[in-house]
Structures are given as structure tokens and as C-alpha cells.
Amino acid sequence: MRNALLQVKDLHVQFNGQRKAQALSGVNFEVAAGEVLTLLGESGSGKSVTLRTLLRLHPEKTTRITGEINVDGQSVLALNDKALNQYRGHTTSMIFQEPGLAFDPVYTIGQQMTEALRTHEQINNATAQARALEMLERVQIPQARKRFDAYPHELSGGMRQRAMIALALVCKPKLLLADEPTTALDASVQIQILLLLRELQKETGMSVIFVTHDIGAAVEVSDRIAVMYAGRIVEIGNVTDIVSKPRHPYTQGLLASTVSHDNRGSPLVTIAGSPPDLAHLPKGCSFAPRCARAQANCLSDPPNLVTTDSTAFACWHPVA
Amino acid sequence: MMAQENTPILNTEDRGGPAQPLLVVKDLKKYFPVRNELFAKEKKFVHAVDNVSFSVAKGKTLGIVGESGCGKSTTAKLIARLINPDSGKMVFDGDGVAEYGGIALKEFRKNLQMVFQDSFASLNPRLTIEQTIAYGPTVHGVSNAEASVQARALLQRVGLAPELFASRYPHELSGGQRQRVNIARALAYQPRLVILDEAVAALDKSVQAQVLNLLQELKNERQLTYLFISHDLHVVHYMSDEVMVMYLGQVVEKGPVDRIFNHAAHPYTQALLSAIPSMDPTKRTLKPPLEGDPPNPINPPAGCRFQDRCPHVKDSCRSISPKLAPVGVVFDHIVACHLNLEPRTYA
Amino acid sequence: MNDQTQTSPSVGYWRVVLRQLKHEPLAMISAGVLLVLIIAAVFAPWLAPADPFKASMLKRLLPIGSPGYLLGTDELGRDMLTRLMYGGRLSLLMGIVPVFSAFFIGTTLGLFAGYLGGRVNMVIMRTLDIFYAFPSVLLAVAISGALGPGLSNSLIALTLVFVPQIVRVAESVTTQVRQLDYIEAARMSGASAFSIIRVHVLGNVLGPVFVYATGLLSVSMILASGLSFLGLGVKPPEPEWGLMLNTLRSAIYNKPFIAALPGAFIFLTSIAFNLLADGVRSAMDIKK
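Chains as they are written, first to last, in the numbering used here: chain Z, 1 to 320; chain G, 1001 to 1347; chain D, 2001 to 2288.
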């Protein structure tokens, strides 16, 4: 891909702490400037681990990371401490699932945003405050001035999430990582936040990697979807192609088992079994033990990502 | 090898016959005092449940939907008698419930069980799975041996092989497995009504599908009645026969599932249906149906509680509280709204 | 539609704690030291080289390493090693018994106060607050002084000092546990409060309270020694480490090492208790 803002090549992440696991087993993808990519998957798929690796948030001692991560020409894995601090928040920023946990409860929203600004840019307090306030208004928080001086616990869930988005965007990052930002919100607030993210992305032209297990949320915001399973990307493509013409059996199963209005009255389609233990991944394709289409070679050889006109998928015997 | 489940050990029989609703709730009220302010002149109350009335027919599933602060969880706890209402009546299969206390309450509890959202917090980490499931029956006089046999049979039924799971501890199971255990635990009482309080909300979608299938099978096998509380409208549509929508402690609309989803009459219900993310990339949502967060029901205003966020608000809405009334001639679809609105479709 | 995951056998909670404890080096060393001390104390009548009460004015304050008197003699000529071993019996007893008793009494009170809440909670907690308001040493001395000297009185005094502290921890943990969903599920069974406390709450409260109680062992030892030192505990000629510190005070300029010996043992024992308690605390932190 030309003009790729982010390139991830052959990323392997292994946890060697109290619990051992092969969290990522060879993840490859790229994100263009101004593109929104969703990492779609269930628990244990590796989607959150991928995000955290992009910001190097894992404990150094017990995590083994191999591969390449390049953001805007820089190799993220090679950054030293000082460069890493500059990278975090300024080049790449993150928003989390629990907005309450991202804020320090003893400082006001305004103070935290100002601090973030002044860490990355050489501006005085007044300018920083003005820019922070402007950002709060851009995320459509009503009565922004009042919220600027409020403490995190004084805000409702939806407001906190908006404030967190403001905090993440205040230094104008090129890449925004969103880790299930709407999962913990009520439905009417969730759609507000999703639309807000879409608008802000169009305005700023930043790239977004959006992690979720909710296909509906993925469809609302993204250009492309990467489906993850057991630490690998099993299928990646345009939103339309993934949702209407999935090629990988897991993608198909995931779409089929998601409840929608057609399902009423008959049993739901399910994927048999459960995801593999990341400490003992099976040989060959990790999905093979649960796959109705599995054949002999699936159990011994892990499939590679094959690119077609529609989606790229890793399967020896794809659907249709 | 497979444990047998024979004649019922606990006696929870049908009393009122098929036409009698299993549960009737009338004017249920629960206010919680707001404790924050020491020196406030007027005591403030959270109107968690404010005059809620509904009934549930035998063998049916009533879905309860609403957002934070609507009172659905508090209603569930009131029905489960985990907290006591400030006022209101509950009638279970023709017998008044509020009058129960002591021994009669203990007997009554067999009829009604609950499955909670947090599958991990719902299980005692110090007990094995078998001990957890067997505890309930032993409280009601079943011997330990019989209760264990029954527990193993239930594990088998919910899809967890007893040889593998009976002596395990909760932390060794996945979320979906734990929720199955919770279902087995509820079934051990041979209840007639099961309250599912966001029982599948915390599960992965593929696991959710498995558990929902299981719930439907069990409902048909054992003639269960479900109270299905959820924020996920797709799942509510799949599971429920009737749906009740709550807002700020009150019931705003109730009716058969296809009426609610295809001909929603209350603006809030319509907004909730619009808020469901689109599954079609060519038809993305353009504007959020509601602004702001669901409010906290502390000292609510006079008139309709939805007045601040309703796109169709009129003057009468601010002074007169709407009462639940049938929508047109459809007697089992009721709504609490002053306006006649164009019904919206779900899909 | 069966879920097949684990095939390794399931292990109970305390087994896992024990297994994890084995990986804590300091705790294992401390456990070893304590074991030696306890064996030496319990089997003192058979293991000790001499008679703890046999005094000899000629052999007063012999230095450490004297032939026949490995750790020297005290101000009345009695063998130090023997007296230390016999002294360990009383000192360890006075360290362990009060904490044990307080653990039982305190956990029971804390469970009921925490689970039942309301009036019961208020009565129990506020009554104990009165005791809690006094510093431990002062309270121990005061109660001991009121009851009079002697072994059983000091055991009672120390127990009373620790009960409020343990109740506080137990009540706090019980209140947290009580809000969890599995307690609500237990309430839905129709079981009595007593049954729920016994089956569901107790097992989950014991852990943190146990950790707290093991931390009190060293404190109890030191307080007991302090009481004896002040003349409120055991009376001479009974060997007890605190008392020995008192009687050896006058020898501190002559033979400082001998005078310090009982103190060294108190120190060693209480450190061992502390490190063991720390190890237990880490071992109980099981990752889910």
C-alpha cells in the first residue's frame, strides 16, 4: 500500500509472565493515512494486545515482541524512552473502554488536557487552556467551560467518553487507537460517540484503528475490517465485502451467530466449541478444530494470507 | 453414565391454570435517598422505580429494555425480593407475594430464580461447581447425595460434562461456561419464573448465541416463564414474546414484540430503535436520535419525564403525566404518551 | 454442544496457596526458623542440656562458649541455652494463643456485624471503637494491670487488645463480600442468614483476616515480652524471654551479649513471623 501511515509486519507477541501465552502469531496489516480500520474479534483474539503493542504498553521484562511496527516512517519498537514519550500522545493516541479509568480523579479535565498539551508542545498555559477548551467544544460537550473545570467523577458516562476523546486528540495525533470505546455505553450514547468519531476523523484526516466485538459498530465507522482469531488476522478487506461476502469460515460463523431481526423463531447458528488456549495453540490453522470445512492439511499447515479482489484471507478451503 | 433427573424433588406446581398470568405487578415503587448532601434542606430521592405495573403470562418471555437509570435492574431485584418495595403489590400465580415472610417466603423462593450479568461474581470462588448448584436444593431439605445427583444431571443438560466440570472452581471456567453454571444453579430449584438480568451481555457474540439457544430449549422443555432484561434490542427481539420499555423508573410502552419493533408508539422507543447501529455499510446512521446521556431519576420534573429530550414535546407534556393507554384499538399494546405518532419500523 | 477445555485436575484454594507459598524463599526460611524454635521450645524438657531453675552463685554470668554452658549463664548462674529454650515455650505461647483466640472471636463478631449490618453492626463496631481508641501497648498494660499479673491474665489482656483490630478487618471484608452477586444468589435460595454466612461468606472472609492475623503474631510476642518485662506477665523464676530481659538488665555493662540474648530471640522470632505473614499474603494473591 502506498502512503501507508502504519505498517505492521510479522508481529509476534509472547507473554512470559505468570501466565504464558502466544498473544499474537504473525500479524501483518497496513493502515493508510486517513483510513479507519476495525480489528474485529472476540475475547482472546489479540485485538487489544495489538493496540497495546502499538503504544508499547506491555511490561518490558515479561513480553517478547518480534517483528516490525512503522508509524509515519519511524520504527516504534526501536524508539528509546525519550522518543517513545514523544510518540505517545503526539503521533499516536489511545482511547479506552472505561472512560472513568483513563482520567486521574484528583485533577480536573482541563488540568489534564493542559498538561498533555504542554508536555508535547512548547506553549504557555493560557494558550494550552484555550486549545483544550476548543477541543472540548469540538467533541460537542455541552457547556464546555463548565466541564473544563469539572472533575472526572462529576461527568456522566457519555460526557467522560467525549472528554477522553478530547484528551486523546488535543495534541493532534496522526493515529488514534480506540479500544472498545463504546462497549460500556448505553445504546443512545453509543451511536452519538460513533458518529462523533466519524466526524472528527473526517475533519482531522487522522487514521483510526478501532477495536470492537460489535459488528454494527464496526460497520458504522470503518472503511476496512480485519477479523482476528487466536492472535492472527484471518480475513481483511472492505467493510462491504467482509459483511456481505466473507470468505473465511470464522468470519462467516461470526456474522451468522450475531443476532439480528431475521433470527426470531429459529435456533441461532453457532460456532461449535470455544477458542483455543493461547498457551497451547494447535498446529496448523488455529480455527481448524472448530471448522466444519476443515480437512487434513488444515490441521498440519497454518494457512498464509491470500489476497484476492475482494478480501484477503488465511484459509485453505474458503467459503464460496 | 448420564445422571438421571426423575420426578421433581421440589414441589413447584401450577396453581392458577393457564389463563392466570404468572406474575402481576401493580404500582411498584422504590425510592432511594440521596446521601451525598449533609445539610440539604429538602431530602432528595432517586425515583428508581415509580409506579411500575405489568403482568407476565405463563410460558412467555417478557423483555424489559431501557438504559442506565431506567429502573429495570431495581425492578428485577424487587420482584426477586432481594430488596423490599416502598409500596406496591405482587401477585404470583394468584397468590399475593408481599404478605410472605419467614417460612412462606422461603417456600416461595423456589418459584422464582435469577441469573445475573456478571458470571464470575455470581459464583462463590471457594465452592466447586457441583457444590454451588447443589446448595439451593439442600436449603429446601433435599439430601446432599440427591442434590449432587441432580446437580450433575443439570450440568449435563446445560452442556457441561459433569466428569469434567463438577469438581472445578469458577476461575477455571470461561465466561460462557460460568453462565451455563448460573443457569443450572437457577434450574436446580425447579423454578417457574427465571429472571435473566443482562445474562448474556458480557459474553462474546458466538458464545451468546449458544447460551440463547440453550435458554430457548430450556424454556420449551420446562414450561418456564422468562423476564429477559437487556439493553441489546436485537437479542430482546429474538427472545421475547412481549416487550416493556422503561425510562427513568416508569413504563413508557409495552406490547407484543412485533408491535413494539415495527409500530413503536413512544418517541423514546423509536429513538432506541434508531440508535441500533446499522449493519449495512451503504445505509449508515446519519444523525443520533437522542442527545446527551440518560438522566438520573433524582426528583424528576412534573409532567412527562421524557420532556427534555423528546423531539415532539408540547406544552401539555410539561404539566400532565401521561398514563399508559392502548394504542388505537390494539388493546395489548399500551403507551404513555400524549401524542399520536407515526410508528417506525425496525430492521 | 459440550465445552471441552481443561483436562488437568482441579485444585482447591488452600492447596494453591500452599503451592505458591513454596516459591517464596524468605517465607520458607522463616517457616524453617520458626519450626526449629517451636521444636526446641516444645521438646525443651528432653532437649535442654540443664535444669532451668538450677542456680549456682559460683557460675554467674559465665561468657558465651563456656564449656558446658553453650550460651553462658545468667545472673543467677542458670544455663542460658536451657532458659532460652524453656522461655520459648511461654513466649511463643503468649504470642500465638492471644492471636488465635482473637482470630476466632473477632472473625465471628466481624462476620455478624458485616453481614447483618444496621443496628447489630452499629452496636458491635461502636463498642469495639472504645477499645480501638487506645494504643495497643497502653491497653495491654491497663487490662493486665487491672486483672493482675500471671500467665492467664496476660493472655486475656492480649486477646482483648487484638479482638477489635480483627473485627475491623473481618467486618470490612464481609461488607465487601456481601455485595457480590453470589451472595444475592444465595439469598435467593431462602437460606437463613446463618447458613449463608457459614457456607458462602466465611470461606471468602477467612483469607484476608488470616493474613492480617499472622501479621499480629510478631506484635503479640513483643507485647507479651513487654508485659513480662514490666512485671505484669509471668513471674520469676519462670523462664520467659521478656522477663529474662528484665532480670538481665543489671548485667548489661558486664556481659552485654548475654543480656541481649533474650532480646535477640524475640527479634528473630518476630521477624520470622513477619516474613512468613508477608509470604502468606503474596501466596494468597492468586491470579484468576
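Since the hints were derived computationally from the structure, they do not count as laboratory data. Warning: the hint list may mix true and false statements.
As the list claims (entries may be wrong) - Label pairs and their in silico Cβ distance ranges:
no., chain 1, residue 1, chain 2, residue 2, range
1, D, T2175, G, D1027, 28 to 34 Å
2, D, G2117, G, G1017, 39 to 45 Å
3, D, G2117, G, D1027, 25 to 31 Å
4, G, P1301, D, T2175, 51 to 57 Å
5, D, L2018, G, I1083, 52 to 58 Å
6, Z, R145, G, F1032, 39 to 45 Å
7, D, S2172, Z, N16, 44 to 50 Å
8, D, G2203, G, G1017, 23 to 29 Å
Unchecked claim - To give an idea of the chain Z side of the interface with chain G (calculated C-beta under 7 Å), a few residues:
no., residue
9, E42
10, S156
11, T183
12, A184
13, S188
14, L195
15, E199
16, L255
17, S260
18, S266
Glycine is no exception: its CB is placed at the ideal position from the N, C-alpha and C atoms.
(request) Answer holds if the nearest beta-carbon of chain G is closer than 7 Å to that of S266 (chain Z); otherwise answer violated. (result) This hint is violated: S266 (chain Z) lies away from chain G, its Cβ roughly 10 Å from the closest one there, beyond 7 Å.
(message) The hint names T183 (chain Z) as touching chain G; please verify it with the least Cβ-Cβ distance against 7 Å.
(response) With a minimum Cβ separation of about 10 Å from chain G (threshold 7 Å), the hint on T183 (chain Z) is violated.
(request) Just tell me: holds or violated, for the beta carbon distance of P1301 (chain G) and T2175 (chain D) against 51 to 57 Å? (result) violated, 36 Å
(message) Holds or violated: the 39 to 45 Å window for the beta-carbon distance between G2117 (chain D) and G1017 (chain G)?
(response) holds, 41 Å
(request) Indicate whether the distance between the beta carbons of L2018 (chain D) and I1083 (chain G) respects the range 52 to 58 Å. (result) violated, 40 Å
(request) Classify the hint on E199 (chain Z) as holds or violated, based on whether any CB of chain G lies nearer than 7 Å to its CB. (result) violated, 11 Å
(request) Check the following: the C-beta atoms of S2172 (chain D) and N16 (chain Z) are separated by a distance inside 44 to 50 Å. (result) violated, 36 Å
(request) Mind checking the hinted window 23 to 29 Å against the Cβ distance between G2203 (chain D) and G1017 (chain G)? (result) violated, 44 Å
(request) Using 7 Å as the Cβ threshold, decide whether S260 (chain Z) counts as touching chain G. (result) holds, 6 Å
(request) Against chain G, run the beta carbon of E42 (chain Z) and see if the smallest gap drops under 7 Å. (result) This hint holds: E42 (chain Z) lies near chain G, its Cβ roughly 4 Å from the closest one there, short of 7 Å.
(request) Verify the interface restraint on L255 (chain Z): the C-beta must sit less than 7 Å from at least one C-beta of chain G. (result) violated, 9 Å
(message) Holds or violated: the 39 to 45 Å window for the beta-carbon distance between R145 (chain Z) and F1032 (chain G)?
(response) violated, 32 Å
Checked against the numbered hints listed earlier, the structure breaks hints 4, 5, 6, 7, 8, 11, 12, 15, 16 and 18; every other hint is satisfied.
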